[in-house]
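Going line by line, the protein sequences match chains A and B.
Everything in the first sequence is counted per my numbering, starting at 264 for the first residue and increasing by one.
Everything in the second sequence is counted per my numbering, starting at 264 for the first residue and increasing by one.
Simulated from the structure, these hints should not be mistaken for laboratory data.
Treat the hints loosely; a few may be bogus.
Some residues of chain B that are not near chain A, with every Cβ distance over 12 Å (derived) [what the hints assert, rightly or not]:
no., residue
1, Val317
2, Ala321
3, Lys359
4, Ala424
Mimicking EDC-like on lysine to aspartate or glutamate, the simulated pairs with C-alpha atoms at most 16 Å apart in a straight line are [said to hold, decoys possible]:
no., chain 1, residue 1, chain 2, residue 2
5, A, Lys359, A, Glu657
6, B, Lys322, B, Asp338
7, B, Lys602, B, Glu542
8, B, Lys602, A, Asp289
9, B, Lys569, B, Glu542
10, A, Lys680, B, Asp648
11, A, Lys602, B, Asp338
12, A, Lys572, A, Asp598
13, B, Lys359, B, Glu657
14, B, Lys284, A, Glu657
15, B, Lys359, B, Asp299
16, A, Lys359, A, Asp300
17, A, Lys284, B, Glu605
Remember, predicted model here, so these are calculated numbers, not experimental data.
Glycine included, each C-beta is placed from N, C-alpha and C at the ideal position.
Number of protein chains: 2
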Amino acid sequence: MTTLSPYDSMSPVTQAAYRAKAAAADLAPLPRAVKDDALLAIADALEVRTAEIVEANAKDVAKARENGTSEAIVDRLTLTPERVRAIASDVRDVAKLPDPVGEVVRGSTLPNGIDLRQVRVPLGVVGIIYEARPNVTVDAAALCLKSGNAVLLRGSGSAYASNTALVRVIRDAVGGAGLPADAVQLVPGESRDSVRELMRARGLVDVLIPRGGASLIRTVVNESTVPVIETGTGNCHVYVDAQADIDTAVEILINSKAQRVSVCNAAETLLVHQDIAAEFLPRALDALAEAGVTVHADDRVMAYAKDSKATVVEATPEDWETEYLSHDIAAAVVDSLDKAVEHIRLWTSGHTEAIVTTSQQAARRFTQLVDSTTVAVNASTRFTDGGQFGFGAEIGISTQKLHARGPMGLPELTSTKYIVTGDGHVRR
Amino acid sequence: MTTLSPYDSMSPVTQAAYRAKAAAADLAPLPRAVKDDALLAIADALEVRTAEIVEANAKDVAKARENGTSEAIVDRLTLTPERVRAIASDVRDVAKLPDPVGEVVRGSTLPNGIDLRQVRVPLGVVGIIYEARPNVTVDAAALCLKSGNAVLLRGSGSAYASNTALVRVIRDAVGGAGLPADAVQLVPGESRDSVRELMRARGLVDVLIPRGGASLIRTVVNESTVPVIETGTGNCHVYVDAQADIDTAVEILINSKAQRVSVCNAAETLLVHQDIAAEFLPRALDALAEAGVTVHADDRVMAYAKDSKATVVEATPEDWETEYLSHDIAAAVVDSLDKAVEHIRLWTSGHTEAIVTTSQQAARRFTQLVDSTTVAVNASTRFTDGGQFGFGAEIGISTQKLHARGPMGLPELTSTKYIVTGDGHVRR
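Generate the whole structure from the sequences, applying the supplied hints.
In C-alpha cells form, the structure reads like this:
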C-alpha cells in the first residue's frame, strides 16, 4: 500500500505549480554564486548534450513540415548545433549579469530609530506562455533562475519535443548543481486546458508573462486571475516634425520600418507635419519604395504619391491600428505636433513613438505628451530593446503600466520586501 | 436638433471612464506647483463648505441608524466640522510632499551615444473601490491628483450622500484651479453593476485598488480585467524565538495584537519556540488576559493556560488563517525557527511578520526566509504603515508582489517611461 501524497488529487498542472512554489522558497535566499554555478552547469550541459536536443528538435521540424508550416516558421523552430552553442553562450552571459536580489532599493533610519530597508526579492513563481521558438525556453529559464524565481514554461505544441529535451537537460544540470530541479518545469500537457489551468493558479503562480502574437496576449489578459504582464504588441509611430532635418528623417523612417519588419519595435505608421510634407514626402516615398514598403496613405499623402516610385494603397481607419509586422506602413499628414500626439494617443498600442525634429520645444512637448513605454527623439524606434538599453537580457517588453513598462530585464523579475529593524520598538 | 456626442451610446460608468482618461492626459504634464495649488484650493473649499458636507453626511448617518447599523460603523461614517477640518489638513500635507512625476529613476549614455532616461509618469486613471469611511474619498482624490492621475471613486452606497457632496466640493475647487474637473469623479450609480462595469473598463482604467474587507478584495481580484493591486488583508504573526528577551517579547506581542485590533497590521497569530515556552507563555498569557484578548491555543499552549488568567479556547485549523480584527489571537508552540517559518508560509496573507530575538543569526534567517511585504525584527507589526514609514501618506498596503508591495505612497501611484535621445541614431 502506498501512502497518499497531497499531490495525488491534483491535476498535473496544479501539481507542477505546487512544486514550483516549494522550489521558489528554496531559491529565494540563494546567493549569486550558487545561482551562477547552476547557470554555467546548464550552459555546459546544453553543449554536451547537443545531439540529444537536435534529435528531439528534428521530430518537431518533421511534424511542422508535414503540416505544411511555412519555411520561415520552420526556420525559427529549427535547432542546429551552432544554434544550441549560441543559446549556451547566452546563458553564460546571463551568469555574468549582476544579481538583482538583495539590492537595497531604499533605506533610512526613521525618526524613532527604526532601520527601514526596502530590499529586492524574487517574485516567486513566474509562468511564461510563448510560441514557436525553443530558444525562449532556455532564455526564460536562465533569467528566472538568475533572479531567484521558479519558472513554469508553457511553450507551443509545435515545439513540444524540443522543449521537453531542453527542459530535461536544464533540470538535470540544475539538480546536479544542488538546486531544486522543480525550479524549472515544462507545464505538462499539450492541450489548451493546461494554459487555462495555469491562468487560474492564483496563489501558486505570482505572474504570467505571455510572449507571442496579439491574440495569445489578449486571451491571457482577459482570462487570467493570476496577475499578467502584457507584452509586446507594437503599433509604433514615426512623427516627422515641421522642423526636421530631411536626411535624418528619411534615415530614421527607413530604419524604424524596414531594418527588420517582423519585430514589435518596427514602425507601423508615419505622421508628417503639413509644413514639411512637400519637402519630405517625395524623398520618403521613394526611399520606402526602394525598401520594398507598401504605403497605406491618407488623402494628403496620396497627393504626393503620384509622382513617386511608391506602391501606395488608400488607408482605411483599420490601418491606423494595425501592427503589420510586414513591409507595409500607414501614413498621414497632420496639421500640427498636437494633432500628431492626438492621433498617436488614439491609435497606439503604447510601445514606442519617435519624433524627428531640430526643435527643442517640439522634442520636449512630444516627450511630455506621448504616453508610451518609450519616446525616441531623433532615434529609430528599433532601439526599444533590453539588449540595446544595456540590460544584458530581456524577458519581454511590457506595454502595460503596472510593475514594469518597456524592456524588462532582471530587476523587473523581482518584487521587494521591507525589513523593519528595531530594538523592542512598539507603536504609541 | 442636437448633435450626437460619441458618449451618448455609452453607459454612465463608461462615459465617466472616458472623461477620466481625457482628464488624465491633461494632468500628466502638469508641473508640481499647479497640482499643489489645486490641492490647497480643495482644502480651502472643504473648510468653507463644511456645512454642506456635514448636512449631506447627516442623511447617510440617519439612514445607517434606521438600518440598525452598529454604532462603531456609524461613528466611522460620521463627519463633524472638526473631522472635515482634519481632512482638509491632510490634503495640505499631501501638497507638501514631493511630486514623484518626472523623477529620473535611472539614466545613462549608451555606448552608441544615445541618452537613455527612465522617468516617472502618472499611471493614468486609477479606480478606487472602498467601503464606509468618507475620508477615503478626499484622501484618494488628493493622492491621485498629486501624482498626476485621474481618479474614479466608487465608495460604499451607505456613504453616497457624503461622497457626492465631497466630490462636488473637490470638483468645483479643481475646476476653479484651472484643472479638468473630470480628474475626480464619483462612479455613477449605487448598484453592484457599476462596480462590475468598472472592473471591465480595461484600456480606460489603468489600475483598480480595492480597499476594504477580504470579500470585496477577493471579488475584485477574481472578476476584474483591469489590473488590480490587492490590498490589506493581514494575518500577521509574532514569532518569539528561543533567544528572546522576555520583556521585549511581551511588549511587542501586546502592542502588535492589542494597540488597535481592527487594523490590517495587527497581529493575529503568536508562535513561540519550544525552548522559551515555559518562561515566556505564563507571562504572555497573563498580559493577553489583561489586554482583554482571547487566546485560540494549540495543545502545547493550552498546557500553560490552566495556571494563567487567560481566556483560552482550543484552536481549530481555521484559526491559523483567520484575520480576527478583534481581541482574539491564535497561538502555537513550534519546534524551531524553521518550523515557525513553515507555519507562516503556509498560513500567512503575506502582510507583516515579526520576530523577537537577541540572536543575529535567527534574525537574519527569519528575514531571508519569510516572504511577506514586511518583516519586523524586534519591532511591532503595527509599524507597517505609510505614515510610520515616512511616506507622508498611503493609498493602501499592497499584499501582492507585482508593481508595489507593502505601504503604497505617491511613487507607487506612478509608472515610468523611457526617453531615448539621439541625433539621428539608427540601428545597424
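Please name the hints from earlier in the document that this structure breaks, with their numbers sorted from lowest to highest. 7, 11, 12 and 14
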